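So the sequence lines, in the order shown, correspond to chains A and B.
Going by numbering that gives the first Met the number 0, the first sequence opens with residue 0, and the numbers climb by one from there.
Going by numbering that gives the first Met the number 0, the second sequence opens with residue 0, and the numbers climb by one from there.
Treat the hints with caution; some may be incorrect.
Straight line, CA to CA, 20 angstroms or less: simulated SDA-like cross-link-like pairs of lysine to any residue [claimed, not checked]:
#, chain 1, residue 1, chain 2, residue 2
1, B, K171, A, P97
2, B, K56, B, D247
3, A, K188, A, R141
4, A, K33, A, V229
5, A, K99, B, L203
6, A, K78, A, N113
7, A, K99, B, S169
8, A, K99, B, K112
9, A, K99, B, L276
10, B, K112, A, R141
11, A, K99, B, V19
12, A, K99, B, P4
13, A, K99, B, G183
14, A, K99, B, R186
15, A, K59, B, L276
16, A, K78, B, R188
17, A, K99, B, F277
18, A, K25, A, A299
19, A, K99, B, L202
20, A, K78, B, T177
21, B, K171, A, G56
22, A, K33, A, E164
23, B, K5, A, L143
24, A, K59, A, A79
25, A, K25, A, A292
26, B, K5, A, R141
27, A, K99, B, K56
28, A, K99, B, M190
29, B, K171, A, T48
From the derived model, a few chain B residues whose C-beta atoms are all more than 10 angstroms from chain A [what the hints assert, rightly or not]:
#, residue
30, Q61
31, V113
32, I115
33, P128
34, N197
35, V253
Since the hints were derived computationally from the structure, they do not count as laboratory data.
Note that the coordinates shown come from a computational prediction; the quantities given were computed from them, not determined experimentally.
Quick reminder that beta carbons are idealized off the backbone N, C-alpha and C, glycines included.
So you can see what is in the structure, the chains are spelled out below.
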Amino acid sequence: MTEPLLEIRGAAKTFHVGSAEVKALKGVDLSVGKGETVAIVGESGSGKTTLANLVLGIEKPSAGEIVLAGRPLSGRRSKADRRQIGLVQQNPYSTLNPRKSIGQAIGLPLSVHNLCRRSERRRRIGELLEKVGLHPDLQDRRPLALSGGQRQRVAIARALATDPELLVLDEPTSSLDVSVQAHILRLLKELQEELGLTYLFITHDLSVVRVLASRVIVMYRGLVVEEGAVAEVFSQPRHRYTQQLLASIPTISAEDDRLKPDWPWEADVDSMEIVEAGCPFRPRCPFALPACADGTPVLAGPAHHLHACLNPNGAKTRKSSLELMAGQ
Amino acid sequence: MQPNPKWRAWRRFARNRLSVLGMVLILLVIFSAVFAPFIAPYPEHAGVVVNFADANKPPSAQYWLGTDSVGRDVLSRIIFGFRNSLILGLAVVSLAISVGTIVGITAVYLGGKVEIVLMRITDVFLAIPSLVLAMAILGIARPSQMLAMIAMAVAWWPWHARLVYGIVRSLKHEGFVTAAEVVGASRIRVMFGELLPNCAPNLLTKASLDMGFVILLGASLSFLGMGAPPPTPDLGTMVSEGSQYLPDIWWLSVTAGLAIFIVVLGFNLVADGLRDLFDIVG
Numbered sequence: 000m001t002e003p004l005l006e007i008r009g010a011a012k013t014f015h016v017g018s019a020e021v022k023a024l025k026g027v028d029l030s031v032g033k034g035e036t037v038a039i040v041g042e043s044g045s046g047k048t049t050l051a052n053l054v055l056g057i058e059k060p061s062a063g064e065i066v067l068a069g070r071p072l073s074g075r076r077s078k079a080d081r082r083q084i085g086l087v088q089q090n091p092y093s094t095l096n097p098r099k100s101i102g103q104a105i106g107l108p109l110s111v112h113n114l115c116r117r118s119e120r121r122r123r124i125g126e127l128l129e130k131v132g133l134h135p136d137l138q139d140r141r142p143l144a145l146s147g148g149q150r151q152r153v154a155i156a157r158a159l160a161t162d163p164e165l166l167v168l169d170e171p172t173s174s175l176d177v178s179v180q181a182h183i184l185r186l187l188k189e190l191q192e193e194l195g196l197t198y199l200f201i202t203h204d205l206s207v208v209r210v211l212a213s214r215v216i217v218m219y220r221g222l223v224v225e226e227g228a229v230a231e232v233f234s235q236p237r238h239r240y241t242q243q244l245l246a247s248i249p250t251i252s253a254e255d256d257r258l259k260p261d262w263p264w265e266a267d268v269d270s271m272e273i274v275e276a277g278c279p280f281r282p283r284c285p286f287a288l289p290a291c292a293d294g295t296p297v298l299a300g301p302a303h304h305l306h307a308c309l310n311p312n313g314a315k316t317r318k319s320s321l322e323l324m325a326g327q
Numbered sequence: 000m001q002p003n004p005k006w007r008a009w010r011r012f013a014r015n016r017l018s019v020l021g022m023v024l025i026l027l028v029i030f031s032a033v034f035a036p037f038i039a040p041y042p043e044h045a046g047v048v049v050n051f052a053d054a055n056k057p058p059s060a061q062y063w064l065g066t067d068s069v070g071r072d073v074l075s076r077i078i079f080g081f082r083n084s085l086i087l088g089l090a091v092v093s094l095a096i097s098v099g100t101i102v103g104i105t106a107v108y109l110g111g112k113v114e115i116v117l118m119r120i121t122d123v124f125l126a127i128p129s130l131v132l133a134m135a136i137l138g139i140a141r142p143s144q145m146l147a148m149i150a151m152a153v154a155w156w157p158w159h160a161r162l163v164y165g166i167v168r169s170l171k172h173e174g175f176v177t178a179a180e181v182v183g184a185s186r187i188r189v190m191f192g193e194l195l196p197n198c199a200p201n202l203l204t205k206a207s208l209d210m211g212f213v214i215l216l217g218a219s220l221s222f223l224g225m226g227a228p229p230p231t232p233d234l235g236t237m238v239s240e241g242s243q244y245l246p247d248i249w250w251l252s253v254t255a256g257l258a259i260f261i262v263v264l265g266f267n268l269v270a271d272g273l274r275d276l277f278d279i280v281g
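Chain A extracted, bound-state conformation (with noise of 0.2 angstroms):
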């Protein structure tokens, strides 16, 4: 890895609803080289979305700093700062102003951060459009005009009109079709290579994990369960949560059948049961030790491929596959 552009030590939300607490994040540490592109992967209310939004200043975190580039960013972003992370959200329908011409969009963060002359304005927001893959004339329609995959276009144009170095991509291809997605992906990988950037990815679709990221993170209600390089982490799943994700893809041919756990790995994936210490996966997991409900299991292992668990083996399984099956 190359030195780090983006690093989060300890951090932590939580949330008050009412009276109760929710913990979205509960110490995550994350690095990020320049120009790589880490995936994070986990359900909803594994708190990706939450860690997302911390690196973006949208929300403070409760514990734990984040660092970009050597500095760290403290509650109140300034704008030097902001220029510097670009963000690419999920639903191209919602992401741009439906009463705005596609030129105002791209054209929002340029006047925010007084980034050109209004007489170079035009061709500026043209150049980036072009960057994208679009035609510059576009920027007088109104993303009406547009289709999903050219939304997510001017999307990325306007993330890329402040020259940032960090793009935040937040599920950017789960509501195109699956031909479009291809395309966007295609164009992701061009510009990161053609500019240096560094991308944080955001997703809960493994399938696209593969194309784009060389190092992903699995998480789960708010910790990080397991680290690594993808393709370490995606033929060797150490942790039973990746284990029971990755078996979880639908499969075609017997074949990939084979790849699959040898673990009632499908027994209690609906199990919405939170518990307060101790391994969050506990509830689901059938390899869970009375010691796991004690102590929060750390990430160790290799460098390159890092898991938390306390009965990584499996020895000495508390629950057998049967009493689990007959638990439902």
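We have chain A already, so just place chain B on it with the hints.
Only chain B this time, still in chain A's reference frame:
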């Protein structure tokens, strides 16, 4: 060739024949209001003119809509009355929209205590009938056109605050708001640059509807003697004056009442057309 979007919008508006009729009525009213001194047969009758020789004359070739109790031409006074009604409507509606919009957007965007306080104040105002509230305010000073306008705007802004509040609330979590915030756009910019344009179609429709209602409210206040003082030609005052002489001298109240009816109907029909045009539900 691509059809011009403006032409297409007009066709959509014109699909409803009644809204075209409303538009024609309003354009006629606006035209006569603007050119009142040239159109009115006796422009000087808009002021203090006393001509007892011709008092209380029924409609005739000389005075198309008859004369009032001091001998002034009713048609001339109605034409100048249009002028006052439109000025009143425009002033009240624009004041109410400005205040209501600012309150509504601010409440949603700042949220928290600001939202609660602003919207509860709005609710309190909404709980009092507009006419009663306006009368209460007018009760504190000598009636004048200016005071009537302010009183009505005070009674009217909460409706706009509610409207804008509802729209903006539904848009607050849209992606384009987040996108603007992440890039570092100021609060003012997000509120008025991003959110306000999305309220425009609804506001325009409501403004048209309100013009009718406000003019009616103004006429009611004048009828009750709380509007512009005489000799200002005011449609509501004319209905009120004429009502003393009903039914023998009918032309005063009836023609002024019809004039109010035409203006209010026109604005309501146009509002209907705008609602279809912008696809606004409800």
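Here is what the structure says about each hint:
no.: 1; hint: B:K171 x A:P97; in the structure: holds (14 angstroms)
no.: 2; hint: B:K56 x B:D247; in the structure: holds (11 angstroms)
no.: 3; hint: A:K188 x A:R141; in the structure: violated (27 angstroms)
no.: 4; hint: A:K33 x A:V229; in the structure: holds (17 angstroms)
no.: 5; hint: A:K99 x B:L203; in the structure: holds (18 angstroms)
no.: 6; hint: A:K78 x A:N113; in the structure: holds (11 angstroms)
no.: 7; hint: A:K99 x B:S169; in the structure: holds (18 angstroms)
no.: 8; hint: A:K99 x B:K112; in the structure: violated (31 angstroms)
no.: 9; hint: A:K99 x B:L276; in the structure: holds (19 angstroms)
no.: 10; hint: B:K112 x A:R141; in the structure: violated (36 angstroms)
no.: 11; hint: A:K99 x B:V19; in the structure: violated (29 angstroms)
no.: 12; hint: A:K99 x B:P4; in the structure: holds (16 angstroms)
no.: 13; hint: A:K99 x B:G183; in the structure: holds (18 angstroms)
no.: 14; hint: A:K99 x B:R186; in the structure: holds (18 angstroms)
no.: 15; hint: A:K59 x B:L276; in the structure: violated (43 angstroms)
no.: 16; hint: A:K78 x B:R188; in the structure: holds (15 angstroms)
no.: 17; hint: A:K99 x B:F277; in the structure: holds (16 angstroms)
no.: 18; hint: A:K25 x A:A299; in the structure: holds (17 angstroms)
no.: 19; hint: A:K99 x B:L202; in the structure: holds (17 angstroms)
no.: 20; hint: A:K78 x B:T177; in the structure: holds (16 angstroms)
no.: 21; hint: B:K171 x A:G56; in the structure: holds (17 angstroms)
no.: 22; hint: A:K33 x A:E164; in the structure: holds (8 angstroms)
no.: 23; hint: B:K5 x A:L143; in the structure: holds (16 angstroms)
no.: 24; hint: A:K59 x A:A79; in the structure: holds (18 angstroms)
no.: 25; hint: A:K25 x A:A292; in the structure: holds (16 angstroms)
no.: 26; hint: B:K5 x A:R141; in the structure: holds (15 angstroms)
no.: 27; hint: A:K99 x B:K56; in the structure: violated (59 angstroms)
no.: 28; hint: A:K99 x B:M190; in the structure: holds (14 angstroms)
no.: 29; hint: B:K171 x A:T48; in the structure: holds (18 angstroms)
no.: 30; hint: Q61; in the structure: holds (55 angstroms)
no.: 31; hint: V113; in the structure: holds (19 angstroms)
no.: 32; hint: I115; in the structure: holds (16 angstroms)
no.: 33; hint: P128; in the structure: holds (35 angstroms)
no.: 34; hint: N197; in the structure: violated (5 angstroms)
no.: 35; hint: V253; in the structure: holds (46 angstroms)
The structure fails hints 3, 8, 10, 11, 15, 27, 34 (numbered hints given earlier, in ascending order).
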